[in-house]
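Turn these sequences into a full structure, and let the hints guide you.
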Amino acid sequence: MELLFALVIGALTASGVYLLLRARTFPVIMGLTLLSYGVNLFLFASGRLATGQQPVIGTSANYTDPLPQALVLTAIVIGFAMTAFLVVLSLRNLADNNNDHVDGKREKAPPSSKQEREVTGK
Amino acid sequence: MTHWLIAPILIPLLGGILQVVMGYAPISLRRTLALTITVISLASSIVLLVLASDDSYRIYAFGNWQPPFGIVLVLDRLAALMLALTGILGLFCHIYASGGADEGNRQFHALFLFQLMGLNIAFLTGDLFNLFVAFEVLLIASYGLLMHGGGTARTVPGLHYVALNLVGSALFLIGVGMIYSVTGTLNMADLAVKIPQVTGNNLNLVKAGGMMLLVVFGLKAAILPLCFWLPKAYARATAPVAALFAVMTKVGIYAIVRVFLLIFGEGAGELANLGMDWLFPLALITLSMGVIGALGADSLKTLVAWQVIISVGTLLAPIALGSVAGLSAALFYLVSTTWTVAALFLVSELVASQRGLAGDSIVTAPKMRHQTLLSVLFFIGAVAAAGLPPLSGFFGKLLILQSVEPGVEMAWLWGVLLVGSFLTLIAYSRAGSIVFWWHVDGHVETPEPINNRVSISTGILTCLTMLIVVLAGPVSDYTRATAEQLHDNRGYINILQTPVHVPQNPLVGESH
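First to last, the sequence lines map onto chains L and W.
The opening position of the first sequence corresponds to residue 95 in the numbering used here, with each subsequent residue numbered one higher.
The opening position of the second sequence corresponds to residue 207 in the numbering used here, with each subsequent residue numbered one higher.
Please keep in mind that the hints were generated in silico from the structure rather than gathered at the bench.
Please note that the accuracy of each hint is not assured.
[Unchecked claim] Once the Cα atoms are required to be at most 25 Å apart in a straight line, the calculated DMTMM-like pairs of lysine to aspartate or glutamate come out as:
{"#": "1", "chain 1": "W", "residue 1": "Lys-438", "chain 2": "L", "residue 2": "Asp-194"}
{"#": "2", "chain 1": "W", "residue 1": "Lys-573", "chain 2": "W", "residue 2": "Glu-651"}
{"#": "3", "chain 1": "W", "residue 1": "Lys-573", "chain 2": "W", "residue 2": "Asp-483"}
{"#": "4", "chain 1": "W", "residue 1": "Lys-413", "chain 2": "W", "residue 2": "Asp-483"}
{"#": "5", "chain 1": "W", "residue 1": "Lys-400", "chain 2": "W", "residue 2": "Asp-483"}
{"#": "6", "chain 1": "W", "residue 1": "Lys-438", "chain 2": "W", "residue 2": "Asp-504"}
{"#": "7", "chain 1": "W", "residue 1": "Lys-573", "chain 2": "W", "residue 2": "Glu-472"}
{"#": "8", "chain 1": "W", "residue 1": "Lys-400", "chain 2": "W", "residue 2": "Glu-690"}
{"#": "9", "chain 1": "W", "residue 1": "Lys-400", "chain 2": "W", "residue 2": "Glu-472"}
{"#": "10", "chain 1": "W", "residue 1": "Lys-438", "chain 2": "W", "residue 2": "Asp-647"}
{"#": "11", "chain 1": "L", "residue 1": "Lys-199", "chain 2": "W", "residue 2": "Asp-504"}
{"#": "12", "chain 1": "W", "residue 1": "Lys-400", "chain 2": "W", "residue 2": "Asp-647"}
{"#": "13", "chain 1": "W", "residue 1": "Lys-438", "chain 2": "L", "residue 2": "Asp-197"}
{"#": "14", "chain 1": "W", "residue 1": "Lys-413", "chain 2": "L", "residue 2": "Glu-96"}
{"#": "15", "chain 1": "W", "residue 1": "Lys-438", "chain 2": "L", "residue 2": "Asp-159"}
{"#": "16", "chain 1": "W", "residue 1": "Lys-573", "chain 2": "W", "residue 2": "Glu-654"}
{"#": "17", "chain 1": "W", "residue 1": "Lys-413", "chain 2": "W", "residue 2": "Asp-694"}
{"#": "18", "chain 1": "W", "residue 1": "Lys-413", "chain 2": "W", "residue 2": "Glu-476"}
{"#": "19", "chain 1": "W", "residue 1": "Lys-413", "chain 2": "L", "residue 2": "Asp-190"}
{"#": "20", "chain 1": "W", "residue 1": "Lys-400", "chain 2": "L", "residue 2": "Asp-159"}
{"#": "21", "chain 1": "W", "residue 1": "Lys-400", "chain 2": "W", "residue 2": "Glu-476"}
[Claimed, not checked] Computed from the model, here is a short list of chain W residues facing chain L with C-beta under 7 Å:
{"#": "22", "residue": "Phe-335"}
{"#": "23", "residue": "Thr-361"}
{"#": "24", "residue": "Val-362"}
{"#": "25", "residue": "Leu-365"}
{"#": "26", "residue": "Val-368"}
{"#": "27", "residue": "Ala-369"}
{"#": "28", "residue": "Leu-370"}
{"#": "29", "residue": "Leu-372"}
{"#": "30", "residue": "Gly-383"}
Positions of the beta carbon are idealized from the N, C-alpha and C atoms, including for glycine.
Below, the structure written as structure tokens:
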């Protein structure tokens, strides 16, 4: 279970960071979301992975730590609000600059097709 | 247990909620109420400053849970100093904002009060995860404030600011998770006890977690590789918001001082002084970068935004060296530079409002109205920021220079700080002479009238630098005592032993 869990966190974080470095706001938001999923799972794992244990000290020899679950809950709520804000902000960016480039730059004209170039002689 | 500790958090919280509810009330009523709340909040911060000056630690345990099991607020000299600094800055920024900058957004005052609340939680909390929550509270309010006033120019820097800080939050959580997985606690006092006991492989986990926290705090404080978001965002924010943000980078510095002195300080065994040998060169490079940016600035606000980065470098260099004298000098300079930079942001906005289309660009323009008042205010701000005598910036820098022991560090710090101050002076002279001394013929079509609130708040905030000079003795005594208190973390650890729940009157308890 530990290996699977670690691989999932790694995959989520790697895809999150990759998307974060893209030039459009939508992939950036997706990247931040994936990154926060990875982070939440990581926080959850910081109390060690245990199944079928009680979260109360003294009831049995092994117990599961309830604190990381509380931390994850807080992190989820905050991350959710922040993502919502970022979505609104990037919509505003789209409206203000007429494109969703993270630097607000106007796109260069797409390269014309081969046919057109041949016709215009360039 | 005194209940005063929760006041600087509760007062802006309740005031902010009230502002949300009465968003459609007349603006004069909302302004009056919001300003009243800011004044009361400042008053409570000053009460805490008086309470803290007896060198003891006071804690406020939520739900009467004995630390380390519950979240605690801890009041010591450093927390009280930062609270008072923020309270005074917040009040003048708020007065300025109520002179007209708060129009156009019904929730401006609510956001402003929530911002103050977030700052106050960050300074008071004694719990690492609660510090994360405080950062998020002050950030979400700052996102709203940064976008306040509209304008397409703010969207892109705002987007960068939000995205960067979200990544910072993710790193913060990873760092917190790594430290928790080894120590099993997030209470700062308890961490200071547990971290020196960490051994073996776990040492590297804690080390990585601690360094990750340093990266996050460095992002908030705008240390060099992480500072490029700052100038654009600050230069384009509304003036009172930019002025309030002068304290935001100081939150990062506060967090570095608090966490790294307490948890990874001298007594942390193998992890003692974690990251500090990285911090010193980075601080000096940050300082140099800020100076280069200031020299190349094309508008007054950009110039002041780079001054924020210069002051971050100046503050962190002595903190990284880790002496009591250095920390004391840095705290003295922190008070001075925060108010000066904020005042310069306000002055720049006033200048921009009097120059029509030229705005705050450093270009020659027709003669502005209120030239004398504005040039005098800018002159005072520039002298204090560049660190010339007789204003407080000079004393701050002098204390920092005096605090270093002779050696390689001294050569580097003296060299970079002195050359940097000289070049900053050139940047301010160039900007000031172009904006205030040289004119082209003609007149500005529509200079906006300057009302009393705006001019008085700017004037007082600018003149606080003189107040610091007059009170230099008491202020430096206070910062020295603060530095001594911070260097000895046994007092902070002792809060774990403080019994939280003491029956006030045992006899009454028995009769029930």
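Checked hints:
1. Taking the CA atoms of W:Lys-438 and L:Asp-194, the gap is near 19 Å; set against the 25 Å cutoff, the hint holds.
2. Among the hinted pairs, W:Lys-573 with W:Glu-651 is consistent with the structure: their alpha-carbon atoms are about 11 Å apart, no more than 25 Å.
3. Simply put, W:Lys-573 and W:Asp-483 have alpha-carbon atoms about 50 Å apart, too far for the 25 Å limit, and the pair is violated.
4. Between the alpha carbons of W:Lys-413 and W:Asp-483 the distance comes to roughly 14 Å, so the proposed pair stays at or under 25 Å and holds.
5. At roughly 23 Å between alpha-carbon atoms, W:Lys-400 and W:Asp-483 fall within 25 Å of each other, so this suggested pair holds.
6. With a C-alpha separation of about 12 Å, the suggested pair W:Lys-438 and W:Asp-504 falls inside the 25 Å cut-off, and the hint holds.
7. Restraint check for W:Lys-573 and W:Glu-472: the C-alpha separation of about 57 Å exceeds 25 Å, so the hint is violated.
8. Of the pairs offered as hints, the one joining W:Lys-400 and W:Glu-690 holds, with about 22 Å between alpha carbons and a cut-off of 25 Å not exceeded.
9. This hinted pair checks out: W:Lys-400 and W:Glu-472 have alpha carbons roughly 14 Å apart, not beyond 25 Å.
10. A hinted pair counts as satisfied when its Cα atoms are at most 25 Å apart, and W:Lys-438 with W:Asp-647 does not qualify at roughly 31 Å.
11. For the given pair, L:Lys-199 sits about 21 Å from W:Asp-504 by alpha-carbon distance, which is consistent with the 25 Å threshold.
12. At roughly 70 Å between alpha-carbon atoms, W:Lys-400 and W:Asp-647 are farther apart than 25 Å, so this suggested pair is violated.
13. For a cut-off of 25 Å, the pair hint linking W:Lys-438 to L:Asp-197 stands: about 12 Å separates their Cα positions.
14. Restraint check for W:Lys-413 and L:Glu-96: the C-alpha separation of about 22 Å stays at or below 25 Å, so the hint holds.
15. Taking the CA atoms of W:Lys-438 and L:Asp-159, the gap is near 44 Å; set against the 25 Å cutoff, the hint is violated.
16. A threshold of 25 Å between alpha carbons decides the hint, and for W:Lys-573 with W:Glu-654 the separation of about 14 Å falls inside it, so the pair holds.
17. Taking the CA atoms of W:Lys-413 and W:Asp-694, the gap is about 22 Å. The hint holds against a cut of 25 Å.
18. For the proposed pair W:Lys-413 and W:Glu-476, the alpha carbon gap of about 10 Å is at most 25 Å, so the pair holds.
19. Taken as a hint, the W:Lys-413 and L:Asp-190 pair is broken in the structure, with Cα atoms around 44 Å apart against an allowance of 25 Å.
20. Proposed proximity of W:Lys-400 and L:Asp-159 is supported: the alpha carbons are some 18 Å apart, at most 25 Å.
21. Of the pairs offered as hints, the one joining W:Lys-400 and W:Glu-476 holds, with about 12 Å between alpha carbons and a cut-off of 25 Å not exceeded.
22. Among the interface hints, the one on W:Phe-335 holds; its C-beta lies about 6 Å from the nearest C-beta in chain L, closer than the 7 Å criterion.
23. Contact between W:Thr-361 and chain L, as hinted, is supported at the beta carbon level, the nearest pair being about 5 Å apart and thus within 7 Å.
24. A least Cβ separation of about 4 Å between W:Val-362 and chain L falls short of the 7 Å threshold, and the interface hint therefore holds.
25. Among the interface hints, the one on W:Leu-365 holds; its C-beta lies about 5 Å from the nearest C-beta in chain L, closer than the 7 Å criterion.
26. The criterion of a C-beta within 7 Å of any C-beta in chain L is met by W:Val-368, whose closest approach is roughly 6 Å, and the hint holds.
27. A hinted interface residue such as W:Ala-369 counts as satisfied when its beta carbon comes closer than 7 Å to some beta carbon of chain L; here the least separation is about 6 Å, so the hint holds.
28. The interface hint given for W:Leu-370 is broken, as the beta carbon of that residue sits about 10 Å from the closest beta carbon of chain L, more than 7 Å.
29. For the restraint placing W:Leu-372 at the interface with chain L, the shortest Cβ-Cβ distance is roughly 5 Å, inside the 7 Å limit, so the hint holds.
30. Evaluation of the W:Gly-383 hint against chain L yields a held restraint, the C-beta minimum of about 4 Å falling below 7 Å.
Against the hints set out earlier in the document, violations occur for numbers 3, 7, 10, 12, 15, 19 and 28.
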